[in-house]
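J.: Please put together the full structure from these sequences, using the hints given.
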Amino acid sequence: MNDTSASDQDFPVVARFEVHRRAYLAPDGSPLRALPSFASDKNLLLELYRGMVLTRTFDLKAVSLQRTGRLGTYAVSLGQEAVSVGVASAMRQEDVLLPSYRDNAALLWRGVKLEEILLYWGGDERGNRFSGPPHDFPFCVPVGSQAPHAAGVAYAFRLRKQPRVSVCFFGDGATSKGDVWEAMNFAGVWKLPLVFVANNNQWAISVPLKLQTASATLAQKAIAAGFSGEQVDGNDVIAVRAAAEEAIVAARAGGGPRLIEAVTYRLGDHTTADDAGRYRPPEEVQARWKEDPVARLRSYLVARKLWGKAEEERLVAECQERVEAAVERYLATPARAPQTMFDHLYAELPEVYAGQRAELGQARDA
Amino acid sequence: MPELTLVEAVNLALARAMADDEDVVMLGEDVGVNGGVFRATAGLQQRFGPERVVDTPLAELLISGLCVGMAAQGLKPVGEIQFMGFLYPCIDQLVNHASRLRNRTQGRLTCPMVLRTPYGAGIRAPEHHSESTEVMLAHVPGLRVVVPSSPERAYGLLLAAIRDPDPVVFLEPTRIYRAVKGEVEDDGEALPLDVAFVLREGRDVTLIAWGAMLKETLAAADALADEGIDAEVIDLATLKPYDEETILASVTKTGRCVIVHEAARTAGFGAEIAALIAERGLLSLLAPIARVTGYDTIVPLPRLEQHYLPSVDRIAAAVRKTVRFG
Chain A
3 MNDTSASDQD FPVVARFEVH RRAYLAPDGS PLRALPSFAS DKNLLLELYR GMVLTRTFDL
63 KAVSLQRTGR LGTYAVSLGQ EAVSVGVASA MRQEDVLLPS YRDNAALLWR GVKLEEILLY
123 WGGDERGNRF SGPPHDFPFC VPVGSQAPHA AGVAYAFRLR KQPRVSVCFF GDGATSKGDV
183 WEAMNFAGVW KLPLVFVANN NQWAISVPLK LQTASATLAQ KAIAAGFSGE QVDGNDVIAV
243 RAAAEEAIVA ARAGGGPRLI EAVTYRLGDH TTADDAGRYR PPEEVQARWK EDPVARLRSY
303 LVARKLWGKA EEERLVAECQ ERVEAAVERY LATPARAPQT MFDHLYAELP EVYAGQRAEL
363 GQARDA
Chain B
5 MPELTLVEAV NLALARAMAD DEDVVMLGED VGVNGGVFRA TAGLQQRFGP ERVVDTPLAE
65 LLISGLCVGM AAQGLKPVGE IQFMGFLYPC IDQLVNHASR LRNRTQGRLT CPMVLRTPYG
125 AGIRAPEHHS ESTEVMLAHV PGLRVVVPSS PERAYGLLLA AIRDPDPVVF LEPTRIYRAV
185 KGEVEDDGEA LPLDVAFVLR EGRDVTLIAW GAMLKETLAA ADALADEGID AEVIDLATLK
245 PYDEETILAS VTKTGRCVIV HEAARTAGFG AEIAALIAER GLLSLLAPIA RVTGYDTIVP
305 LPRLEQHYLP SVDRIAAAVR KTVRFG
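Protein chains in written order, with the numbering used here: chain A, 3 to 368; chain B, 5 to 330.
Quick caveat, the hints were computed from the structure, so don't treat them as lab data.
What you are looking at is a predicted structure, and each value in this text was computed from that prediction instead of being measured.
Some hints here could point you the wrong way.
[Said to hold, decoys possible] Away from chain B, derived, C-beta distances all over 10 angstroms, residues of chain A: (1) Val21; (2) Ala25; (3) Ala41; (4) Ser42; (5) Lys63; (6) Gly124; (7) Ile225; (8) Pro283; (9) Trp291; (10) Arg306; (11) Glu315; (12) Val318; (13) Gln322; (14) Arg331.
[Stated by the list, open to error] In the EDC-like style, the derived pairs of lysine to aspartate or glutamate whose C-alpha atoms are separated by at most 20 angstroms in a straight line are: (15) Lys63/A <-> Glu314/A; (16) Lys163/A <-> Glu55/B; (17) Lys185/B <-> Asp226/B; (18) Lys63/A <-> Asp271/A; (19) Lys219/B <-> Glu7/B; (20) Lys63/A <-> Glu315/A; (21) Lys193/A <-> Asp59/B; (22) Lys63/A <-> Glu330/A; (23) Lys163/A <-> Asp27/B; (24) Lys63/A <-> Asp277/A; (25) Lys212/A <-> Glu286/A; (26) Lys163/A <-> Glu26/B; (27) Lys193/A <-> Glu55/B; (28) Lys44/A <-> Glu247/A; (29) Lys307/A <-> Asp30/A; (30) Lys63/A <-> Glu323/A; (31) Lys307/A <-> Asp43/A; (32) Lys325/B <-> Asp230/B; (33) Lys325/B <-> Asp208/B; (34) Lys212/A <-> Glu285/A; (35) Lys44/A <-> Glu314/A; (36) Lys163/A <-> Asp25/B; (37) Lys193/A <-> Glu33/B; (38) Lys179/A <-> Asp96/B.
For each residue, glycine too, the CB sits at the ideal point set by N, CA and C.
T.: What follows is the structure, encoded as structure tokens:
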């Protein structure tokens, strides 16, 4: 046994890898390089912008509802809107979304109604029986546990030879869990049509990324599973959309899974039950506001004369109106009857629970 | 009719389900080329191909989570966990997802999956291979927990589990995988779930058991018959949701009840049955309810496991005491 390492002894290198970072717009909205071709579609860019503004308007309203006791604990996506919007915009309706609990923007993009999201966070399961694609998964609360589902969904597509893609969101914290690794590993073995999106917002509640992993990037975790991972500027919606589109198109064509690490920052608290001031200095958050994804795309659009003050005012008013109307519908939705908690326990309620259901009815009437 | 072992009956039911329904997919560790460590899936990959009988990576959480995703897409996945002692990484998926996908989406997404696993002690296996922690699963709303005790019921109940629109954990008693034989007709007929089976009718005392413990329980009933004690024997078969009425009807008739399970006593499923009888059958009782169970210890390694498992003698002694009470 000698003290020299393998690299000193001229052993052959058997694997090399690299991870690229994709970005098109600088924080001030100026292009860093030639934009992908979809960026010449003015309407698409405006849709992406509207999607982000609507999400932000909605988030802020949801927080105020929670603060006034009209909504349960709520997870804001402030500062991360570009990740969900960018990825969702590259999906087809027949693809399947498996979101984490912070991906409101993706659900909204895919047709879930604002009041349905409020209904869920307001404590009503009916919010998950939503108007989005009926095959999409609801928000996943146990961190990373949706990743194996995404692999199961993608396996079904592969088995049935359907040209569909499973898209799974999770946060930086989730990459520390076996769930995510086990799903990535399986997806690699079977070359599944599956796109993993790691929303790296730097904080898992109070735990910063450096205590989460010593890995230089989250993207490189894909390499060990046998497929490629790339990092994108998660506050650059054009970069997110471009990376997602490439990955989704490749997956649909049989090219197997990919991992996109969208590097962003959680500008808000973890949830309304959290106070981020306990563990991170306000200066850090302040500095990150300079990278705001909404302002970034707006600056780009304004510089291209695709957007102006009048359009902005109209959009903000429109979003507020939509949100207010949704809030009204949410608040006007009565709770379901208590006995309905038995309705979807099984396809058919086993006879043996009929008595409990009746007991609940009597307790209520007494 | 052919005489089959219980594990052969499992294999027959799996083959039947796969032949009848192309949505049925098998997955687990070593289930393909190797046919499963107990050969429960022998020949299936050769017959149905490696895409429908999937050799998964060594990751139990993954197996259960894949089942949830596949089931949400309308497949009917049947996952295998090699031993119940390795099922615990699946608890998160079973409790947080499989059991509640239907409820949390109010019927929009459903989870018609089966998770099979050999369970129980008595095969001189290594550590962690002798678990019987069925009560952990029977506590979970939205799940079904099913345990066959004969080749015939293994075939019929497994077909029912696979066809059921909700998640089922199917616990296969390892000790009687090959220790019992029975006639099984491959007629594709399922047996009902949520229903207990009266295996032997009797007037004097009700014996309730499931899985491998039926072997000793029936033997005890035979021995007691020679002493003039007429025991009724119930195979609970489905632990979640379980058949309260068959139990209560029997106890009303006999006035005496002995519950047998190899799992540890405290908070074992016997406690649930005793509570049911106390709530709804107390006035029929002529003697205290007795439980013959594994001890509240870790299942011992093979040198002592026969001392842990309820024996024919222990069961018979408890029955005699119950019958002679008062």
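J.: Against this structure, judge whether each hint is valid.
T.: Against the structure, the hints come out as follows:
1. Val21: 24 angstroms, holds
2. Ala25: 32 angstroms, holds
3. Ala41: 34 angstroms, holds
4. Ser42: Ser42/A is indeed farther than 10 angstroms from all Cβ atoms of chain B, at 36 angstroms.
5. Lys63: 24 angstroms, holds
6. Gly124: It holds; Gly124/A is separated from chain B by about 15 angstroms at its closest Cβ, greater than 10 angstroms.
7. Ile225: 17 angstroms, holds
8. Pro283: Its Cβ never comes within 10 angstroms of chain B, the nearest being 35 angstroms, so this holds.
9. Trp291: Per Cβ check, Trp291/A is outside 10 angstroms of chain B; nearest 35 angstroms; holds.
10. Arg306: 41 angstroms, holds
11. Glu315: 38 angstroms, holds
12. Val318: 33 angstroms, holds
13. Gln322: 30 angstroms, holds
14. Arg331: Arg331/A is indeed farther than 10 angstroms from all Cβ atoms of chain B, at 18 angstroms.
15. Lys63/A <-> Glu314/A: The hint holds at about 18 angstroms.
16. Lys163/A <-> Glu55/B: 12 angstroms, holds
17. Lys185/B <-> Asp226/B: 18 angstroms, holds
18. Lys63/A <-> Asp271/A: 15 angstroms, holds
19. Lys219/B <-> Glu7/B: 17 angstroms, holds
20. Lys63/A <-> Glu315/A: Within the cut-off at roughly 18 angstroms; holds.
21. Lys193/A <-> Asp59/B: 15 angstroms, holds
22. Lys63/A <-> Glu330/A: Roughly 12 angstroms between the alpha carbons, so the hint for Lys63/A and Glu330/A holds.
23. Lys163/A <-> Asp27/B: Holds: Lys163/A and Asp27/B sit about 13 angstroms apart, inside 20 angstroms.
24. Lys63/A <-> Asp277/A: 18 angstroms, holds
25. Lys212/A <-> Glu286/A: 15 angstroms, holds
26. Lys163/A <-> Glu26/B: Holds, at about 14 angstroms.
27. Lys193/A <-> Glu55/B: 13 angstroms, holds
28. Lys44/A <-> Glu247/A: OK: Lys44/A and Glu247/A at ~17 angstroms, within 20 angstroms.
29. Lys307/A <-> Asp30/A: Status holds; Cα separation ~15 angstroms.
30. Lys63/A <-> Glu323/A: 11 angstroms, holds
31. Lys307/A <-> Asp43/A: Holds: Lys307/A and Asp43/A sit about 14 angstroms apart, inside 20 angstroms.
32. Lys325/B <-> Asp230/B: Satisfied, since the Cα-Cα distance of roughly 16 angstroms is no more than 20 angstroms.
33. Lys325/B <-> Asp208/B: 12 angstroms, holds
34. Lys212/A <-> Glu285/A: With a Cα-Cα distance of about 19 angstroms, the restraint between Lys212/A and Glu285/A holds, given a limit of 20 angstroms.
35. Lys44/A <-> Glu314/A: Distance ~16 angstroms between Lys44/A and Glu314/A Cα, so the pair holds.
36. Lys163/A <-> Asp25/B: 17 angstroms, holds
37. Lys193/A <-> Glu33/B: 19 angstroms, holds
38. Lys179/A <-> Asp96/B: OK: Lys179/A and Asp96/B at ~13 angstroms, within 20 angstroms.
In this structure, every one of the numbered hints holds.
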